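One letter stands for each residue in the lines below.
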Amino acid sequence: MRPAFGRPLAVDSVLHRRDPTVKLAVLLVICLVLTGVTDPVTPGVLYLLTWPVALRAGRIPAGTLLRAHLPFAAFALSLLLVNACTRSGELLARLGPVPITVEGLSIGAGLAVRTLLIGITSVTFVLTTDGARLMTSLHQHVRLDGRFAYAVLAGYRLLEQLPESWATIRAAQAARDASRRGRGPSRAPRALSRAAFTLLVTALRRGERMSIALETRGLGAGPRTIAAPSPLQVGDAVLAGTALVSTAVVLWGSWQAGTLRGLGALGVFG
Amino acid sequence: MSAGTTSRCRPITLHDLVLLAVLGVVFGFLYWVLVQLWGWLQVAMGPLGDLAQNVLVGGWMVVAPLAIYIVRKPGVGILVEIIASIVEVVFLASPVGPMLILVGLIQGAGAEVAFTATRYRRYGWGVFLVSGLTAALANLLLGMVRFGWAGQAFFELRVLFQLGSGVLLCGLLAKLIGDALLRTGVLDNYTIGRAARSARAAKTAAGSLQTDSEVSDG
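Chains A and B, in that order, give the protein sequences. So for the first sequence, the numbering used here puts the first residue at 1468; every next one is plus one. So for the second sequence, the numbering used here puts the first residue at 1048; every next one is plus one.
Be aware that a few hints might be false.
Stated by the list, open to error - Just a few of them, taken from the derived set where beta-carbon distance is under 7 Å, the chain B residues facing chain A: (1) Leu-1064; (2) Val-1065; (3) Val-1069; (4) Val-1072; (5) Val-1073; (6) Ala-1091; (7) Phe-1138; (8) Met-1146; (9) Thr-1163; (10) Ala-1164; (11) Thr-1165; (12) Tyr-1167; (13) Tyr-1170; (14) Gln-1199; (15) Glu-1203; (16) Val-1233.
Just so you know, these hints were derived from the structure itself, not from any lab. Treat the numbers as computed from the prediction; the structure is a model and nothing was measured. We put the beta carbon where it would ideally sit given N, CA and C, even for glycine.
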């Protein structure tokens, strides 16, 4: 089951019902804290803890979650390889001319596991959060400027139409090119970049029509009421508390066990 | 509609904001595609793979100078980069995670410095070149903090790639895209279109006085 482009899963779950601003804030705090952690064990434990949350509380099918891992996994693998090969330290092995160091391997593993953790939490957030409700909630709770919220929502509508516009432009290219009849549009970089530019122009034109429509309806002229407010409930506090406390417990446990390691190991600034 | 030169004093309108959102969405989508390609390219390049991001980095910042070029108001570069990063994180689940919003803020600010220094009045190739350089420098500092680049081998090569990519893929490419968009007429109702019209009008007025041998470069 692959959800629509930029859309949450069409099911109801505990995580779907929580306020989007609270979810986003929790996600930001955890990721910011984890940026200061470079050992592989601490984010590894948190990563394993996130799986049951996504499966049970978010009702995300295991297959969907696993497939969403593909880009993160590639990213994590490259971080591991690069750090293992390019950091100085105690020599572990040699791959041809490339030395692999113990320090590099452990820092690389830390960054790689952290990427997996950030990836799984981001996917869980996206698959359980409606974009329109997030902007409404941000407008309501963080006092985000209404004009900004309308503009982003207008852009969000455009985002949903992008794949369709792209297909139309490519079909038009194929129809005009008589030499490629029956073989689909050209895949040459020149043809692709022209299609990308056309996509940009089409999007800008559509955006201008949208902004005129918004202004005609008086949006952006002053404060407005909210049609479907997103109230903060006890459940939101429980969610934030549970997530932050369990992160803190894992960090404390890792510190007690002696596995926690901070930014100092990276050699920031030389 | 006639005043194209006093743009600095006017606030950002809804009209401008929707344009920024559209730019943010289209480029957020393109950035996301670039991230997917980059992940696989890194693996394919093996031990040197991490330098791939320094080669590509300018491509991730190009929307900031482009937006400033079109709207010509302070803060626009930062705003559009933040919108693009929000689109990537919130709607497309980028593997980089919510840190990307902070990255967008820093890259946007880096690109904006060059235009702030000229008080949003000059849009020649030189200003775009400097904008690409400052954006790449801001991003370099961030990478040193986030990934400890200074502690790795190839640091000098990394800096070189980073600055070259910033100048070519961020600064100069933004000017190219902006000029191409201007020629399509889609930007006629924005500051860049008004400025081009008043420049053309001034040129024809001057041309009618002198012998018209000048070549306009729209």
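Results of checking the hints against the structure:
| no. | hint | in the structure |
| --- | --- | --- |
| 1 | Leu-1064 | holds, 4 Å |
| 2 | Val-1065 | holds, 4 Å |
| 3 | Val-1069 | holds, 3 Å |
| 4 | Val-1072 | holds, 4 Å |
| 5 | Val-1073 | holds, 5 Å |
| 6 | Ala-1091 | violated, 9 Å |
| 7 | Phe-1138 | holds, 4 Å |
| 8 | Met-1146 | holds, 6 Å |
| 9 | Thr-1163 | violated, 21 Å |
| 10 | Ala-1164 | violated, 26 Å |
| 11 | Thr-1165 | violated, 25 Å |
| 12 | Tyr-1167 | violated, 21 Å |
| 13 | Tyr-1170 | violated, 19 Å |
| 14 | Gln-1199 | holds, 5 Å |
| 15 | Glu-1203 | violated, 13 Å |
| 16 | Val-1233 | holds, 5 Å |
Consistency with the previously given hints fails for numbers 6, 9, 10, 11, 12, 13, 15, ordered from lowest to highest.
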